[in-house]
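Build the full structure now, drawing on both the sequences and the hints.
Note that the sequence shown covers residues -2 to 127 in the working numbering.
The set of hints was computed from the structure by calculation and includes no laboratory data. A virtual CB, placed ideally from N, CA and C, is assigned to each residue, including glycine. Don't take every hint at face value.
Simulated restraints on C-beta separations [claimed, not checked]:
{"id": "1", "residue 1": "Ala2", "residue 2": "Ile111", "range": "28 to 38 Å"}
{"id": "2", "residue 1": "Arg17", "residue 2": "Ala74", "range": "25 to 35 Å"}
{"id": "3", "residue 1": "Ala2", "residue 2": "Val51", "range": "25 to 35 Å"}
{"id": "4", "residue 1": "Phe65", "residue 2": "Asp38", "range": "18 to 28 Å"}
{"id": "5", "residue 1": "Arg98", "residue 2": "Val26", "range": "37 to 47 Å"}
{"id": "6", "residue 1": "Ser122", "residue 2": "Met101", "range": "27 to 37 Å"}
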Amino acid sequence: SNLDAKLRVQTRTQIASLQRRLGVTTVYVTHDQTEALTMGDRIAVLKDGVLQQVGTPRDLYANPKNVFVAGFIGSPAMNLFTADLVEGGLKFGTAVAAIDRDTMAATSNTKVTIGVRPEDVRVSSTGEGL
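Written out as structure tokens, the structure is:
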């Protein structure tokens, strides 16, 4: 953590190269998700000493198992907000976004937390989109 940015990247690259060349399993502890995502084949996310999720970097990013992992993995972070579950989908202000029946049936809650990655947001003209 006390290395300058260029040296930190070089060190990270050398450690990852050694791991692969020697074929050894390594436990690397870091609070820097960039290090974890670039060096790890599998990542364990802990919160207050409790394991939240284990998986590949892609799996943690695309399929977070809870709100903590969703908000922690990714830069910029996933946008998290609450929506009402209504007949036909999720209510956002005056709009309702349709969701499939299996998803609707998976919860008995009327309020749910929705996560949207910034790269999945598109700006559209009035009347388009939701």
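Now for the hints, and whether the structure bears them out:
1. Ala2 with Ile111: 28 to 38 Å: About 35 Å separates the Cβ atoms of Ala2 and Ile111, which means 28 to 38 Å holds.
2. Arg17 with Ala74: 25 to 35 Å: holds (29 Å)
3. Ala2 with Val51: 25 to 35 Å: Since Ala2 and Val51 have Cβ atoms about 29 Å apart, the given range 25 to 35 Å holds.
4. Phe65 with Asp38: 18 to 28 Å: Taking Cβ atoms as reference, Phe65 and Asp38 lie about 22 Å apart, which means the hint holds.
5. Arg98 with Val26: 37 to 47 Å: Since the Cβ atoms of Arg98 and Val26 sit about 43 Å apart, the hinted range of 37 to 47 Å holds.
6. Ser122 with Met101: 27 to 37 Å: Given a distance of about 29 Å, which is inside 27 to 37 Å, the answer is holds.
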